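Residue numbers (my numbering), protein chains in the order written: chain A, 1 to 108; chain P, 1 to 88; chain W, 1 to 325.
Do not rely on the hints blindly, as some may be mistaken.
[To be verified] Sample of chain W residues at the chain P side, in silico, Cβ under 8 Å:
#1 L32
#2 L42
#3 I43
#4 A53
#5 A57
#6 T65
#7 A227
#8 L231
[Stated by the list, open to error] Derived lysine to aspartate or glutamate pairs resembling EDC-like cross-links, with alpha carbons at most 20 Å apart:
#9 W:K24 to P:D26
#10 A:K27 to P:D30
#11 A:K86 to P:D26
#12 A:K86 to P:D30
#13 W:K24 to P:D30
#14 W:K24 to W:E79
#15 A:K102 to A:D30
#16 A:K86 to P:E81
#17 W:K80 to W:D25
#18 W:K251 to W:E154
#19 W:K318 to P:E81
#20 A:K86 to A:E98
#21 W:K24 to W:D106
#22 A:K86 to A:E4
#23 W:K318 to W:D248
#24 A:K27 to P:E81
Calculated directly from the structure, the hints in this document are not laboratory data.
For clarity, every value in this text was computed on a predicted model and none was experimentally measured.
For glycine and all other residues, C-beta sits at the position ideal for the given N, C-alpha and C.
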Amino acid sequence: MILEMISNIFLILGAFFALTGAVGLFKFPDFFTRIHAASVTDSIATILLFSGLILRTEFDLVAVKLVFVLVFLLLTSPTASHALAKSARHGLLATSAETLSKTNKDNN
Amino acid sequence: MMVLAATCVAVLSVMALALARALQADTVYDRILGINMFGTKTAVLIALMGFLNERPDFLDIAIVYALINFIGMIAVLRFFEYTATDDS
Amino acid sequence: MTELIDLVLLAMLAITAVGVIFLKDLFAVVMLFGIYSFLSALIFVNLDAVDVAFTEAAVGAGISTVLMLSTLALTGRQEKVSDHKTFMPLLIVVATGAALIYGTLDMPPFGNPDNPVHQHVALRYIQDSPQEIGLPNMVTSVLASYRGFDTLGETAVVFAAAIGVLSLLGMPKRERAAIESGLESHLVLQVVAKIIIPLIILFALYVQFHGDYGPGGGFQAGVIAAAAIILYALVFGLPVATQVLQPDLLKTLAALGVLIYAGTGVASFFLGGNFLDYNVLASNPVAGQHVGIILIELGVGITVFAAMLSIFYAFASKAERKNIQ
Chain A
1 MILEMISNIF LILGAFFALT GAVGLFKFPD FFTRIHAASV TDSIATILLF
51 SGLILRTEFD LVAVKLVFVL VFLLLTSPTA SHALAKSARH GLLATSAETL
101 SKTNKDNN
Chain P
1 MMVLAATCVA VLSVMALALA RALQADTVYD RILGINMFGT KTAVLIALMG
51 FLNERPDFLD IAIVYALINF IGMIAVLRFF EYTATDDS
Chain W
1 MTELIDLVLL AMLAITAVGV IFLKDLFAVV MLFGIYSFLS ALIFVNLDAV
51 DVAFTEAAVG AGISTVLMLS TLALTGRQEK VSDHKTFMPL LIVVATGAAL
101 IYGTLDMPPF GNPDNPVHQH VALRYIQDSP QEIGLPNMVT SVLASYRGFD
151 TLGETAVVFA AAIGVLSLLG MPKRERAAIE SGLESHLVLQ VVAKIIIPLI
201 ILFALYVQFH GDYGPGGGFQ AGVIAAAAII LYALVFGLPV ATQVLQPDLL
251 KTLAALGVLI YAGTGVASFF LGGNFLDYNV LASNPVAGQH VGIILIELGV
301 GITVFAAMLS IFYAFASKAE RKNIQ
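If we strip away everything but chain A, and leave its shape as in the complex, we get:
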């Protein structure tokens, strides 16, 4: 009973953070802030959702597999976001602050 209630809370919180991240994908002005929204909320939503699911099992092989998936996602998703941001920087994508200062310098 208690476990099920905690699991429900985790699931709902995880879904909330995931939705926040998706909304952030659209609301933020610049690529680098968007990647921040997407990857941070991805990680926390994954942890919460999978913890909620682990609490629903009987702590047998299924729970171990869930832990595997969680560890794997936590290893790879932030690495991919980091590689993407670094690649964007190599591609000379400018942040909105740099674009703003450049247009100010062009106008003055």
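Got chain A; can you put chains P and W on it based on the hints?
The following block gives chains P and W in isolation, referenced to the frame of chain A:
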């Protein structure tokens, strides 16, 4: 059960939003970002659906998805870094 | 609930397909194909077809995306604008689609257990497979034993595809590792990749041998192992990867897999049965079936691994040569 179903609906809407971002994006990097989010949420959705349908052998597929999402992202980045000279 | 999930997934699939048609940047199109494959695999999971979802995820979103990206590195990135009128083709497509939908109105209800397709052969397999073969995963027993000829044909087709690509593109020679062609500046990526690649290969072995009890089997395991080595080649560079797994070794492995499969069939000849009759391979028929299935799944896994990796080597080395020039 109800909470699982509601979470499924929430994750589906996140996936739809990420897909919208991948389709309508200013730069290429925004598309890649949308796809990364889509992939991780797909792995979560499989785990949730497995619990909804009472068939937890789906978790092997969730591992494969997480893996393939990562490898696809790295391939996309590698391609992009090495042919960025002749992009449009 | 499952119908709602199905509807949403199919709607996203349709939107992705429309996006694929209308986007002119082929790079984005390839990424959308990856999303398309993820969505198809989700629909398969919802339809309870777990092995198919496995294969679709591994092949469609992984290997296909990588190969299409290698092709894009050789051709251009923008789709050529076509200037023919689209009215006639649209008319033909709409007419054909309407005829197909009209044809489906006569079909029996979706998923009904009394459908004819669930009656004859499928019923026999479901009823007899536990006694004759004794594996929990019935998909493997149908694939590997009841329909063993077809799987031999599939393995031969994968082998032939690898031969075709190699004869057109050629394999890389052993190059000096001095050419920088990996993601050398991404230090974090290199460290994480070094941690993850052994885990992926271990997972591929798990999938190979666990195919009797859960989703998996030779084909999926081969693709996952190939994806691991492809990740290694992407992060550390193709010359290093060709030193680790030489192209000649891959050619040998591809042929070896088909040989193991067909050899199991021929061994059944010598032990008194028909071609690919596993009952004679051991003292009692059920044990013989198990031995036969393990052997042929091994053959399938080896061939698929070597074929996928050879195709990737062929594409990637062409792209490397073009980039270096």
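Taking the hints in turn, this is what the structure says about them:
1. L32: This hint holds: W:L32 lies near chain P, its Cβ roughly 7 Å from the closest one there, short of 8 Å.
2. L42: Given a least distance of 6 Å, the restraint on W:L42 holds.
3. I43: violated, 11 Å
4. A53: holds, 6 Å
5. A57: Where the cut-off is 8 Å and the nearest Cβ of chain P is about 5 Å from W:A57, the hint holds.
6. T65: holds, 5 Å
7. A227: holds, 5 Å
8. L231: holds, 5 Å
9. W:K24 to P:D26: holds, 14 Å
10. A:K27 to P:D30: holds, 13 Å
11. A:K86 to P:D26: holds, 18 Å
12. A:K86 to P:D30: holds, 14 Å
13. W:K24 to P:D30: Within the cut-off at roughly 16 Å; holds.
14. W:K24 to W:E79: OK: W:K24 and W:E79 at ~5 Å, within 20 Å.
15. A:K102 to A:D30: At roughly 15 Å apart (the allowed maximum being 20 Å), A:D30 and A:K102 satisfy the hint.
16. A:K86 to P:E81: holds, 10 Å
17. W:K80 to W:D25: holds, 10 Å
18. W:K251 to W:E154: Holds: W:K251 and W:E154 sit about 18 Å apart, inside 20 Å.
19. W:K318 to P:E81: holds, 17 Å
20. A:K86 to A:E98: Holds, at roughly 17 Å.
21. W:K24 to W:D106: violated, 39 Å
22. A:K86 to A:E4: violated, 41 Å
23. W:K318 to W:D248: holds, 17 Å
24. A:K27 to P:E81: Between A:K27 and P:E81 the Cα gap is close to 27 Å, so the pair fails against 20 Å, i.e. violated.
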